[in-house]
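Take these sequences, add in the hints, and give me the full structure.
Spelled out from the first residue to the last, the chains are:
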Amino acid sequence: MSDKIGVRSLPAGIAGVSVGQIERRVGADEAPALAPNARLRCIGQPTARINGHAKVTGQATYTVDVKLPGMLHARILRSPYPHARILALDTGPAECAPGVRAVHVIEHPIGRAIEIDAAPQSGPAGRELRYVGDPIAAIAAITPAAAQAALERIRIEYQPLPFVIDIEAARKADAPRVFDHTVRTEVFGGPATQLPQHGNVHGPDASASRGDAAAGLAGAEVIVEGEFRTQVQTHCCLEPHALVADWRDEGLTVYISTQFTAGIRAELAAALGLPLARVRVVVDAMGGGFGSKSRIGNDVLAAVALSRAALAPVRLVLARDEEQIDSGNRPATVQHIRAGARRDGTLTAVAIEAYGTAGVALGAGVGNFAQSIYDCRDFSLEQSDVFINAGPGCAMRAPGNVPGAFAYEQIIDELAERLALDPLALRERIDSSPVRREERRIGAERFGWSRRQPPGSAPGVHKRGLGMAQSHWPALVHTNCACEVRILRDGSVEVRSSVQDIGTGIGTVLAQVVAEELGLTPGEIVVRIGDTNFPAGPPSYGSRTTASLTPPARNAAYQALRKLLAAIAPTLDTTPEKLTMRNGRINTADGRHSIDFREAARRLSTEQIGAVASRSDDYGGFGRRTGDFAFARNALGGVQFAEVTVDTETGRVRLERVLAVHDCGRPINPRQIESQVHGGILQGISYALFEERILDAHTGHMLNANLEQYRILRSREAPAIEVHVLENYQGNSATDAYGIAEPAIIATAPAIANAVYNAIGVRMRTLPMTPAAVLSALGRLPQRS
Amino acid sequence: MHAFEWMSPQGIESAARAATTTVAAAMVSERGEPDDEAALLKAGGIDLLDLMKEGLLRPRRLINLRDIAGLERIEEVDGGLRIGPNVTLSQLAAHEQVRMRFRALAEAAGTSASPQIRHLATLGGNLLQRPRCWYLRSRAHHCTRKGGDTCFAFDGENQYHAIFDHKGCAIVHPSTCATALVAFDARLEITGPAGTRRGVSVEDFFLLPEADVHRENTLAAGEIVTAIWLPAPPETARSLHVKHCQTESFDWPLADAAVMLEVADGICRKAAIVLGAAAPAPHRARAAEAALTGQRLGEALIRTAARAALQGAAPLSKNGYKLVIFETLVRRALLAAAAS
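In order, the protein sequence lines correspond to chains H and G.
Using this note's numbering, you'd call the opening residue of the first sequence number 1 and step up by one each time.
Using this note's numbering, you'd call the opening residue of the second sequence number 1001 and step up by one each time.
No wet-lab data here; the hints were simulated from the structure.
Just so it is clear, CB atoms sit at the ideal spot from N, CA and C, and this is done for glycine as well.
Be careful, since some hints might not be right.
[Claimed, not checked] With a straight-line cut-off of 27 angstroms between C-alpha atoms, the simulated BS3-like cross-links for lysine-lysine are:
1. G:K1270 with H:K463
2. H:K67 with G:K1318
3. H:K55 with H:K67
4. G:K1318 with H:K172
5. H:K578 with H:K4
6. H:K4 with H:K563
[Stated by the list, open to error] Only part of the chain H face toward chain G is listed, based on derived beta-carbon distances under 8 angstroms:
7. A35
8. H701
9. T770
[To be verified] Residues of chain H clear of chain G, computed beta-carbon distances all greater than 12 angstroms:
10. T57
11. E649
12. R652
If you want it as structure tokens, here you go:
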């Protein structure tokens, strides 16, 4: 392959506004410039997902469907206490229980904050359990019932310790300590600095601050201020965490419901001291992850250890209560915001003090949204993690930004009202994104924003309100990412990558991209994904899968086609550069020969040819790069409009309609994008109105560790949803595609909150907006004596 | 879930004789260990299997009532209806006589749970299901109702708990069908192990915690509800059932109410107003009924009655909002019934 650089002229601009051309210097192996979607056959066409039929007919294979010969079943023993020390542990009686094949004690659990200078602990005795559900041991037996029964035979002596489950109580100086020692600060994509820790409060992290917020606020002409509270939301993947671990002498194979096959392989190899080449990770159909299936957890390591000990495959599937308690969650937050502006709307200063709790883990910050979305010179952000005796949080769809936007987009709404500006007009002033400007214009027109009335002015009992809010999310690219395209001698084509389909349809997207390049139809492309035997693909998190993988997929198809042309040119009495491909036919320059793709493949002298391409850098360069991924220069936008009715006599908020306008670079499959935006909006409504983890103060147990009393949006709560997706060309890669998953949820809760304010004239600063909360905000609750 | 034996008798007496105890009694223990020798009656099995999966019940044997012939019929008797206990909620909701003359019951049955559950769940099982209190349903909480000495709701998470009659225990009765049946003065026929029958009004069948904190009704071991009787309502009767949930699909009510009015010449001759999800048993709002009886129906009167429905309410720390919802619900139900 050549590393020559050439100059390409690529489409740039927003379709429907103005699309021009941009000159980019690109490698010679890059596929040629791709026309705007209107001129393409496969890319940009609404395309049914390739495994849709298998899914709706029950034929798709999920990890829970994997059954191997001799497979054992594992269950996990968990702490019944929110805080306790293990004084003694005896697995002996469990080991000789009927059907038991292996017992594994979890001595050093992962997935939580790590104490820096804690005394090393050897053996299970002395280990501190820090939340109800903290895993202690796992058992593999011939049936799930035998494993469950054997758990009860493990003899264990606990010393219960004082505990704290409330974020406010945990901040007090005399609160029970969740960790006795300082924990190691974790930093996402930035330089690590050890933060201070006092009691249960780790932080503050003020690294995102800029300018002088105090001075800016002092000089502001208008100041708005508010305290906002958000709850813990759990991921509620319909498919639980599941794996089958198969340890053999020749290596380890793990079938697992995961968002990142290549990442799980790397983590397992490192944890077990195995070469990468001896670890294989496989997933077929998946039923959601939302961030909770990104990394290995204690369940994965336990199943692997049990398989290794028992010399048999071990299946471990979490029960729904285990899902709710110990598979991650979206941290709760308390955010105090002050924002200052000039009378003309210029945002002069913002100061945010935020506390969040991810239970026994770090990562409850909220800052990314407020620090990035609007122009503001003087900005201060002090965010701290607060430890409580509850299950560890982890990334959940737009981590930090979802609670952050709920607060910040309400403050902006308040500011607009104080300035007597329309919320859209204020954003014209403070939002420099040209993409969101267009999104606001389209959204306002289609939604009928001009119908909006002054807050609280709606007559009657059922009050209608309109609100809007915006999304902002970095456009991420996983640079350690590759794809292979193979052309076989009968004309069939395979695209291969370890990438997993979390449910958003990356396989269909790959088929579209490769088919476009080869002049075929998506149905003619065989998609082989979800297996680390294929070139390592990107994770399905951070809204980066399509952005990362479609450029190498297209380039691999292009390069494979070049090889095909080179191989068959002699059979057409010509040279490869004189062959062109159009509409699935290969033509000689002199027009004397024209053969179709299949006929060309038949002329191969080998069974197959192929090419593997890696993700090249964005043509315009990256904003910044950290490890295996990079931030594109352009961020992702999105604007959502919500229409609600509030029953002021029962407190019920009903979503009537949500209109969403989003951008994701070049849309590849509008049908799947629309589906993903629907998912984001529905999850956002559910977060705004229904979902909340409820812990019991007496015992530290989660009272609603199910899908019955943990309320989640269902079909009758779904409003009318309209999605409009921009084509935003930037001339950045072979496909120019970016992500959509996270922007789709960020704006939803604040758009609803702003609509509720518009309806009732009272601001909802706490989530979820339950009937009790709305009636309380309306001042309708009876006074207690 | 633990293994259990299964028997499916053909007759009521043999089923009754096989039962060793009731579901409620099997869940009562000194230290939180359910009775593992119990033989329990099973109708639809919806709640029973839930309790078994949660480890709150560990029966040795289940006695299936679904194979007993004749318990799944709805018959007209003396102008009223005799409903078999195995009649499903979807059967009930679709039955023409129920829809025409006992609208509140059809509405309560037809909006319960989900369509799948309504096809399986029986009216008998619906009346006998255990409360949804999350402390009762947690193995980690050995509460008063299970034989412990604490009701965790009083100083705990009581947002879904009772606002009336919660002395000693703050559960709410979960059956919306029960709310409707009380409004119609329905009666139960209960058959004992020796084939003896007793009759009891639905209202008297349910118990408050002060009478017995370990069970929600007077059913004894070996007793089976063999029929639900609905007396003929007067021609002028009109009824409806309303409920308010956090979500409209598949949710338990925060509040529900059944109202039944007999109206002649604009005068309310008789009123039944029953609140569900309000108290440990269906709660008859007698002050509200009295406010309406003999009076000319009008909006002001209905507002007064709706306020009177809350007489005696004693909300807990987190459920004061229910008062607002109940007042709204009762007023809206009465206005709709009066207008129909």
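Do the hints match the structure? See the list:
Distance restraint check for K1270 of chain G and K463 of chain H: the Cα-Cα separation of roughly 35 angstroms exceeds the 27 angstroms cut-off, and the hinted pair is therefore not satisfied. About 48 angstroms separates the Cα atoms of K67 of chain H and K1318 of chain G, which puts this hinted pair outside 27 angstroms; it is violated. Annotation: proposed proximity of K55 of chain H to K67 of chain H holds, straight-line Cα distance about 18 angstroms (limit 27 angstroms). About 24 angstroms separates the Cα atoms of K1318 of chain G and K172 of chain H, which keeps this hinted pair within 27 angstroms; it holds.
About 20 angstroms separates the Cα atoms of K578 of chain H and K4 of chain H, which keeps this hinted pair within 27 angstroms; it holds. For the suggested pair K4 of chain H and K563 of chain H, the alpha carbons sit about 18 angstroms apart, so the restraint of at most 27 angstroms is met. Because the smallest distance between the Cβ of A35 of chain H and any Cβ of chain G comes to about 45 angstroms, over 8 angstroms, the interface hint for this residue is violated. The beta carbon of H701 of chain H is positioned within 8 angstroms of a beta carbon in chain G (closest approach about 5 angstroms), and the interface hint is therefore held.
About 6 angstroms separates the beta-carbon of T770 of chain H from the nearest beta-carbon of chain G, less than 8 angstroms, and the hint is met. Listed as a non-interface residue, T57 of chain H keeps its Cβ farther than 12 angstroms from every Cβ of chain G; the least gap is roughly 19 angstroms. Against the 12 angstroms criterion, E649 of chain H falls within the reach of chain G, whose nearest CB is about 4 angstroms from its own CB. Interface exclusion of R652 of chain H from chain G breaks down, the closest Cβ pair being 7 angstroms apart, not more than 12 angstroms.
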